[in-house]
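Here the structure of chain A is known, so what remains is to put chain B in place on it, guided by the hints.
Taken in sequence, the protein lines are chains A and B. Those letters in the first sequence? Residues 0 to 405, by numbering that gives the first Met the number 0. Those letters in the second sequence? Residues 0 to 405, by numbering that gives the first Met the number 0.
You can trust all of the hints, since none of them are fake.
Since the list gives no way to pick one copy over another, a pair counts as held whenever it fits inside one copy or between any two copies.
Subject to a maximum C-alpha distance of 20 Å in a straight line, what follows is the list of computed DMTMM-like cross-link-like pairs (lysine to aspartate or glutamate):
| no. | residue 1 | residue 2 |
| --- | --- | --- |
| 1 | LYS54 | GLU16 |
| 2 | LYS86 | GLU51 |
| 3 | LYS119 | GLU140 |
| 4 | LYS118 | GLU140 |
| 5 | LYS44 | GLU16 |
| 6 | LYS284 | ASP312 |
Please keep in mind that the hints were generated in silico from the structure rather than gathered at the bench.
Each chain is listed here by its residues.
Number of protein chains: 2
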Amino acid sequence: MNIYVLKFGGSSVATPERMLNVGRIIEAYYKKGIKVVVVVSAPGKTTDNLIEIAKKINPHPPERELDMLLSTGEQQSIALLALALEKLKVPAISFTGYQVGIITDPNFTKARIRLIQRKKILNELKKGKVVIVAGFQGVTEKGDITTLGRGGSDLTAVALASVLKAKICEIYTDVDGVYSCDPRIVKNAKKIKRITYDEMLELASAGAKVMQSRAMEVAKKFNVLLHIRSSFKRVEGTYVEEEKMALEEVVVRGVTHDENQVKVSIVDVPDVPGIAAYVFGELAKKNINVDMIIQSAARNGKNDISFTIRREDKKIASEIMEKVRKKLKAKEVIFNDDVAKVSIVGIGMRSHSGVAARMFKALARKKINIEMISTSEIKVSCVINRKDVKKAVMELSKEFGLLRRK
Amino acid sequence: MNIYVLKFGGSSVATPERMLNVGRIIEAYYKKGIKVVVVVSAPGKTTDNLIEIAKKINPHPPERELDMLLSTGEQQSIALLALALEKLKVPAISFTGYQVGIITDPNFTKARIRLIQRKKILNELKKGKVVIVAGFQGVTEKGDITTLGRGGSDLTAVALASVLKAKICEIYTDVDGVYSCDPRIVKNAKKIKRITYDEMLELASAGAKVMQSRAMEVAKKFNVLLHIRSSFKRVEGTYVEEEKMALEEVVVRGVTHDENQVKVSIVDVPDVPGIAAYVFGELAKKNINVDMIIQSAARNGKNDISFTIRREDKKIASEIMEKVRKKLKAKEVIFNDDVAKVSIVGIGMRSHSGVAARMFKALARKKINIEMISTSEIKVSCVINRKDVKKAVMELSKEFGLLRRK
Numbered sequence: 000m001n002i003y004v005l006k007f008g009g010s011s012v013a014t015p016e017r018m019l020n021v022g023r024i025i026e027a028y029y030k031k032g033i034k035v036v037v038v039v040s041a042p043g044k045t046t047d048n049l050i051e052i053a054k055k056i057n058p059h060p061p062e063r064e065l066d067m068l069l070s071t072g073e074q075q076s077i078a079l080l081a082l083a084l085e086k087l088k089v090p091a092i093s094f095t096g097y098q099v100g101i102i103t104d105p106n107f108t109k110a111r112i113r114l115i116q117r118k119k120i121l122n123e124l125k126k127g128k129v130v131i132v133a134g135f136q137g138v139t140e141k142g143d144i145t146t147l148g149r150g151g152s153d154l155t156a157v158a159l160a161s162v163l164k165a166k167i168c169e170i171y172t173d174v175d176g177v178y179s180c181d182p183r184i185v186k187n188a189k190k191i192k193r194i195t196y197d198e199m200l201e202l203a204s205a206g207a208k209v210m211q212s213r214a215m216e217v218a219k220k221f222n223v224l225l226h227i228r229s230s231f232k233r234v235e236g237t238y239v240e241e242e243k244m245a246l247e248e249v250v251v252r253g254v255t256h257d258e259n260q261v262k263v264s265i266v267d268v269p270d271v272p273g274i275a276a277y278v279f280g281e282l283a284k285k286n287i288n289v290d291m292i293i294q295s296a297a298r299n300g301k302n303d304i305s306f307t308i309r310r311e312d313k314k315i316a317s318e319i320m321e322k323v324r325k326k327l328k329a330k331e332v333i334f335n336d337d338v339a340k341v342s343i344v345g346i347g348m349r350s351h352s353g354v355a356a357r358m359f360k361a362l363a364r365k366k367i368n369i370e371m372i373s374t375s376e377i378k379v380s381c382v383i384n385r386k387d388v389k390k391a392v393m394e395l396s397k398e399f400g401l402l403r404r405k
Numbered sequence: 000m001n002i003y004v005l006k007f008g009g010s011s012v013a014t015p016e017r018m019l020n021v022g023r024i025i026e027a028y029y030k031k032g033i034k035v036v037v038v039v040s041a042p043g044k045t046t047d048n049l050i051e052i053a054k055k056i057n058p059h060p061p062e063r064e065l066d067m068l069l070s071t072g073e074q075q076s077i078a079l080l081a082l083a084l085e086k087l088k089v090p091a092i093s094f095t096g097y098q099v100g101i102i103t104d105p106n107f108t109k110a111r112i113r114l115i116q117r118k119k120i121l122n123e124l125k126k127g128k129v130v131i132v133a134g135f136q137g138v139t140e141k142g143d144i145t146t147l148g149r150g151g152s153d154l155t156a157v158a159l160a161s162v163l164k165a166k167i168c169e170i171y172t173d174v175d176g177v178y179s180c181d182p183r184i185v186k187n188a189k190k191i192k193r194i195t196y197d198e199m200l201e202l203a204s205a206g207a208k209v210m211q212s213r214a215m216e217v218a219k220k221f222n223v224l225l226h227i228r229s230s231f232k233r234v235e236g237t238y239v240e241e242e243k244m245a246l247e248e249v250v251v252r253g254v255t256h257d258e259n260q261v262k263v264s265i266v267d268v269p270d271v272p273g274i275a276a277y278v279f280g281e282l283a284k285k286n287i288n289v290d291m292i293i294q295s296a297a298r299n300g301k302n303d304i305s306f307t308i309r310r311e312d313k314k315i316a317s318e319i320m321e322k323v324r325k326k327l328k329a330k331e332v333i334f335n336d337d338v339a340k341v342s343i344v345g346i347g348m349r350s351h352s353g354v355a356a357r358m359f360k361a362l363a364r365k366k367i368n369i370e371m372i373s374t375s376e377i378k379v380s381c382v383i384n385r386k387d388v389k390k391a392v393m394e395l396s397k398e399f400g401l402l403r404r405k
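With the rest of the complex left out, here is chain A (with noise of 0.2 Å):
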């Protein structure tokens, strides 16, 4: 069968015309005969609304609970989208994540799909039917219900993709593509129109969310092919695939920064085995993530260790960091708000050398300070003063080649 997957987010439903203007972008397929199996989001701010209203009653709400509520969100989704179809003259079936048969862990709140039923859903698309499936979430064993965690939706659609060998996963999103950096700062960004699972991953995790992270492992794992589109405009958007396939012949994909940033530096730590383990078990154990870390050479059995966190940590990174200081006996603890990341990446960084010292090179002409530097085999990240963001993407997306000939 001729399958395609189309996920929907969150902002692509949130209004009845939405909803109906998604309805129309299915209608298409339909009319050329293609197999439309559809995973929505729960309509706009719902979750969020959702999340609010149980907190008021129980700060600490049980997970079980938790997911049993926010489910409800996707299911609404997956009823209005079925009526704009059949208003449309669509037939559709809509069906929630146990009804089709999402199984999970019984890890609430962020469980892990363990197997997809495909029965249901090929017998409908065999009748002829566009089938909608919740996103986000799933069912135990013993029959709970389950959510995947944000972005579950996106994981719900390339699992299904997977399983069902579909041709294509489509992600609508309200952005048209993945862009080489941002189009807010540099107007003259270049969409990218084919990409790697791996340099979408290092993007992601550089600060450019158009995809949850998961989903995009699993569709690299078992190939599936992602589009992602915008909602609102008809025109390509950016297409995932794997590296063997031609891609266009560029170094330097992206460029990305993220703004979320704090600085964290503790200063005059013992230079004995086990200090670093400590200092980020201890962050670990209340869910601190942690991105960069940098740890200077040691003088007189001294060290010092630096690393960011995410702007929303802080209260919490600095209850503990004291506790820490206290007990290494540490000087300081040092935070900077004033820091933001800028990140290339491409994977032609692994067979053109010379890629990290082309960055430092162009943040030095714009007389940019560098405060930390991490590199992974396809990305260079640089923490610099936050005042200097925008300096910085410009002038990488010069360096690099990633700008739209006017």
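Only chain B this time, still in chain A's reference frame:
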């Protein structure tokens, strides 16, 4: 097991504060060692809001998908109530209709319960948990979600009380019981302590709606003791039970009125068999509920037929009746909006003669003209001019001794 089934309506769970209030009511039972099963409706206006959104997308929504949509409201309530109970340290677990096994026929939007599985509920009760069940919803044998129609949560509660052999089914609502007459009209109206199922059914059909009629019928059939009471005031409400129980010795249990009535008369129809069947058949096709029907004695081979309908059906009814008038070559169709129905209800009427006559005399005393009369075994209803309603209710309450001693 000493099981209580408690049912809370939408207004009782409309806000986080009210949800916690419901939690505290349950907590009190739990602390006494009573096994509690709770049935909840959707919070506040949730169901109405969902219907409104649905109609914007598709004015004629397919019913399977409407049920998929509407069932989310109750699912939100059960999760939120579980959060409230956990906050109060009362162990609780929530179940949707399909999780608990409320099996219905596949008549979407008005499904009938076929079977309720007890095992899951009894297991959790044995573990010491409060079990929260979503009202209003069930599931077909094929696994599709169904709903039970307006007021369906009452039905869920009564059916659960029956299969679980509960000691009592308490219906928590925003009034503190059933009154012998409307307390908004008659200041010293008396709260009814005990009433029979039949009387409650007649009161409901006469306009005093506190509980879904189908639920009341099921309660009567399986002899489920009901207690209708307030979720805001901790006072005894009204018990509904079998006639054989010791009830207060009164002839008339209550006076009720219904202003949502329009009187329709079709004048000069032929006095031949099949005419009434034709008229009311046409109305039934469009689901118009006809209440009282009067057919005048024939003169010159012609008849008048009068009946009452609900105000919201007037527009459709007038279209149908115009068609009917032409077909029957009747003289005219008259609509009268200025009417209301007053009724007296009581099983005492069976053994006391002359009750209807006492009613007519009381109305005559106040110069209230009677336009239509209909009687059942335990009810007498009169259609009167709408401006006379308050006077009528007051006079009838006096006549039948339904006022509190001041």
